Amino acid sequence: MKYSYIIPRKKSVFTAEIQLLLTFFSITLGMLFITYLFLLFKDYSFLSDMDDIEVVQSELNINIEDMQEQITFIEKENLLAQKVQTQNTVLKDSIANLFDLVPQRITLSEAKLLENGLVLYGVTPNKDVYNFMLQAPLRSIFHRTYSSFHPAENGWLRFVSTNYIDEEINLSQEIDSEN
Amino acid sequence: MKINISRQHIYLLWMLTFFLIFVLLFAFAVLIPEGKEYRKDRTEFKKESKELRRYQNFHDDVEFRLKELQSENRNIITAFDATFDPYRFQKQHRNYFSALTLSALSKVSDDDEFIVYEVNTTSEISSPKSFYEFLDAVNKSDWIISVEFPINFKRDGEMIKSSFTMKVYSANNDSNSTKKVAE
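Chains U and B, in that order, are what the protein sequence lines are.
All residue numbers for the first sequence refer to the numbering used here, where the first residue is 1 and numbers rise by one.
All residue numbers for the second sequence refer to the numbering used here, where the first residue is 1001 and numbers rise by one.
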């Protein structure tokens, strides 16, 4: 007894339609997962880059602070150097003025330049020469002027002139001028 | 009326439905939040990058200013960093005096930034002009030096004996790194 004349074909679940469908599914899922992985990677990359930026920023901050400290210090050095140079120049001018102040008829034997004063030792032919030619200009510069005389061997007079500038008066004058 | 759908088509329909649900769930639950996160991070990153560029520009400006100051004030910086050498000072300035003697250096103040040394000087000059020239030379010397009161001038025959105090200013390099940078 024969049941069939044809050889039974092998049946498979993966028919052409299913295969097509699975290919389509795989491609779609693949694209979805690739997109997801791309987003994950970019997120990670952004976070990592932001961490790097923070590190660089804090390094820059430290550098900036350090450089600003150096700038401040150099500016202070510059100011101090200028102050010292000005002080030396003013001192030079003060000494030059002092020696210019002394008339030819009076001879100085010693001069002490103090912070707020001046002490002069010398000889003068007489008191009048001293009073008119040295004391008068000294009085215009200093607030307090004291003079003492001793006779010298040659008939001239040895003198000691002590002159002071009062700081308090200076301060009050400055305050008045500011007001 | 009877709808005749083969078993294979039913399977196909199920798979399609399952796939659609999966895709929708994946998109709404995972992909879209992740996309939002991505956009947020990208905006943040751009903001941070902009801020970094601003910092970098400011850093460059400060660095330029520092280099400019260092080159403008190279002599002053070097003078503050130089250690005072009395022998060299005497050698450099002996032309202005007939005799020049310096006492030992003593430290008078030491703050965070500057150290001030004091040195007493006795000298002999032939005329006040030499002293003026010395004061000009001090301003151009290798150190930052100020001549301080009191200054004494005493006639001694044809010469003038002078005594005065000098202050030598030096950078306190323990607390400042200018020297290192200047080099």
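Don't read these hints as lab results, they were simulated from the structure.
Incorrect hints may appear among the rest.
Said to hold, decoys possible - Simulated crosslink set (DSS-like; lysine-lysine; CA at most 27 angstroms straight-line):
| hint | chain 1 | residue 1 | chain 2 | residue 2 |
| --- | --- | --- | --- | --- |
| 1 | B | 1140 | U | 92 |
| 2 | B | 1050 | U | 83 |
| 3 | U | 92 | B | 1167 |
| 4 | U | 92 | B | 1154 |
| 5 | B | 1107 | U | 76 |
| 6 | B | 1050 | U | 42 |
Note that the coordinates shown come from a computational prediction; the quantities given were computed from them, not determined experimentally.
So if I understand the rule, the pair passes when the alpha-carbon distance is 27 angstroms or less; does residue 92 of chain U with residue 1167 of chain B pass? holds, 16 angstroms
Verify the proposed pairing of residue 1140 of chain B with residue 92 of chain U, using a straight-line Cα cut of 27 angstroms. Satisfied, since the Cα-Cα distance of roughly 14 angstroms is no more than 27 angstroms.
CA of residue 1107 of chain B to CA of residue 76 of chain U, is that 27 angstroms or under? Between residue 1107 of chain B and residue 76 of chain U the Cα gap is close to 20 angstroms, so the pair holds against 27 angstroms.
Is the hinted pair residue 1050 of chain B and residue 42 of chain U satisfied, with a Cα-Cα distance of at most 27 angstroms? Measuring from Cα to Cα gives roughly 19 angstroms; hence the hint holds.
Measure nothing beyond the straight line between the CA atoms of residue 1050 of chain B and residue 83 of chain U; if it is 27 angstroms or shorter, mark the hint as holding. violated, 43 angstroms
Does residue 1154 of chain B lie within 27 angstroms of residue 92 of chain U when you go C-alpha to C-alpha? holds, 17 angstroms
In this structure, only the earlier hint numbered 2 is contradicted, and the remaining ones agree with it.
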